[in-house]
Amino acid sequence: MSYALPEDFYYTKDHEWAQVDENIVTIGVTEFAQEQLGEVVYVELPEEGQKVNQGESFGVVESVKAASDLYAPVSGTVIEVNTALMEDPGSLNDDPMNDGWLIRIEMDSEKELANLVRAPEYRKMITEKKA
Amino acid sequence: MAENLKSTVLRSTHEALGARMVEFAGWFMPVQYEGLKEEHAAVRADVGLFDVSHMGEIRVRGPKSLETLQWLTTNDVSKLKAGDAQYSLFPNEQGGLVDDLFVYCMKPGEDYLLCVNASNSDKDFAHMLKHNRGADITNESERWGQIAIQGPKAIELTSRVLSPEVAAMVRSTHKTFKFEGADVIVARTGYTGEDGVEVFVPTEKTVSLWNTLLEKGRDLGVKPIGLGARDTLRTEAKYSLYGHEIDDSSNAYEAGLGWVVKPAAKDFLSKAKIVAVKEAGLKRKLVGIQLQERGIPREGYVLTSFDNEEIGRITSGTMSPTSGASIGIAYVATRFAELGTEFNVDIRGRKARAKVVPTPFVKIGLSKG
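Listed in order, the protein sequences are those of chains D and C. Quick note on numbering: the first sequence equals residues 1 to 131 in my numbering. Quick note on numbering: the second sequence equals residues 1 to 369 in my numbering.
No lab work stands behind these hints, which were simulated from the structure alone. Any given hint could turn out to be false.
As the list claims (entries may be wrong) - In silico DSS-like cross-links for lysine-lysine, where the CA-CA straight-line distance does not exceed 27 Å: (1) K238(C) / K283(C); (2) K130(C) / K283(C); (3) K79(C) / K6(C); (4) K79(C) / K175(C); (5) K6(C) / K129(D); (6) K51(D) / K79(C).
To be verified - Rough simulated footprint, nothing fancy, chain D against chain C, three-plus residues with beta-carbon under 8 Å: (7) 224 to 233; (8) 288 to 298.
Note that this is a predicted model, so its numbers are computed, not measured. Yeah, the Cβ is synthetic: ideal placement off N, Cα and C, and Gly gets one too.
Turn these sequences into a full structure, and let the hints guide you.
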């Protein structure tokens with residue numbers, strides 16, 4: 001099984017992705033994560049204006065089976081929330097890298113990006129996990 | 001993957017069917033195949049196959065078998081005729097529960113087959129030996145595979161594959177049939193709330209029986225079902241799962257299992273302690289709850305009254321795949337256990353309103369009326 005992992009995205013060991021456009025960062029979970037979660041039935045996200053901190057939980061995604069925390073790849077302030085996910089949590093399974101995005105934040109400091117991994121390293125991580 | 005995980009003989013069959021495999025109770029088991037919701041729906045509407053070969057089978061034989069089982073279990077084993085199946089409990093020395101189980105009477109007073117939880121199998125066997133009253137007790141778990149066939153079309157499928165006589169069996173009985181020359185024990189029991197059977201099949205015939213059931217049930221819409229849907233199906237039916245609703249500190253009456261405790265009929269291990277809890281008035285009860293707002297109750301979440309007093313705890317919770325409602329099983333202080341009573345569930349710091357609702361949570365095949 002191969003996963004679409006855009007080369008210009010950043011990734012966390014907790015299977016979030018971060019797409020950086022200057023100081024605006026879009027955050028979601030990876031294809032690998034959605035597969036592990038199973039069918040998502042409920043998503044709890046922060047509100048606009050709320051602060052998120054790198055490595056800390058900013059929300060929860062729940063499958064029928066279990067609740068899993070979502071961890072912020074970088075610190076910042078939430079500027080947009082994918083409210084469509086509340087109505088249709090299944091789109092997180094269908095298209096986690098695009099329509100299934102979670103939140104958009106204004107990043108505090110791009111220095112934090114150094115704590116994230118890029119596609120080749122992330123791919124290696126999940127390959128080892130699957131083996 | 002941990003080296004010491006046990007596998008059932010169906011492991012490679014599951015993998016070939018595309019199952020996602022996980023560790024469960026020391027076993028490497030399929031959690032889902034095509035998807036939990038599809039599998040859950042297949043059992044409610046048609047028929048599903050479950051590999052439950054990890055369950056433990058313990059044989060109790062000999063002239064002291066009945067006396068031993070009467071002492072070890074809470075239900076009245078003397079009531080059983082050959083071919084009867086009985087749900088029961090193993091109490092521990094403190095009045096809690098070692099396990100829940102099924103007792104299959106092969107020959108009254110002489111031969112019984114017990115089916116116990118996979119996670120407790122070794123513990124149960126040791127416990128039985130410790131309190132044995134002279135029976136011949138053997139752990140037959142290695143010998144048996146087990147396949148559960150559950151859903152409105154389960155009896156039709158089993159009849160096709162094993163014998164038309166399966167259709168005439170009544171609930172909570174068992175009967176032995178031949179499959180490829182081997183004896184298989186078919187019990188009209190299950191853990192889904194739907195009609196169906198659980199089949200004890202010798203290990204060497206398990207793969208063949210599984211494949212035959214899938215093949216012959218194709219037109220009935222049969223699907224293999226993983227542990228994920230097994231859990232949501234039993235939760236909708238409000239069946240207890242050891243380690244969640246019941247454990248070594250549970251009282252049978254509080255757990256709503258008083259119907260399998262027969263203190264008037266016989267003596268059994270910890271009888272006085274178990275009955276004393278009931279006679280003192282139950283402090284808590286196991287109830288079904290439904291959230292009245294967004295969120296999903298999960299095991300361990302705390303229930304609080306509107307005065308912010310802690311009144312209970314969730315033991316199992318999920319989004320019901322059948323109804324879409326957020327449902328949970330919970331122990332709650334007796335004064336909050338009435339149908340319709342409302343309180344809050346603490347969901348990660350947020351208070352969500354919940355209500356005590358009738359169970360089973362959804363209309364299931366075995367619903368009364």
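Against the structure, the hints:
1. K238(C) / K283(C): Roughly 20 Å between the alpha carbons, so the hint for K238(C) and K283(C) holds.
2. K130(C) / K283(C): Distance ~31 Å between K130(C) and K283(C) Cα, so the pair is violated.
3. K79(C) / K6(C): This hinted pair is violated, its Cα atoms lying about 36 Å apart.
4. K79(C) / K175(C): holds, 17 Å
5. K6(C) / K129(D): holds, 20 Å
6. K51(D) / K79(C): With a Cα-Cα distance of about 65 Å, the restraint between K51(D) and K79(C) is violated, given a limit of 27 Å.
7. 224 to 233: holds (count 3)
8. 288 to 298: holds (count 4)
Hint violations for this structure: numbers 2, 3 and 6, all remaining hints satisfied.
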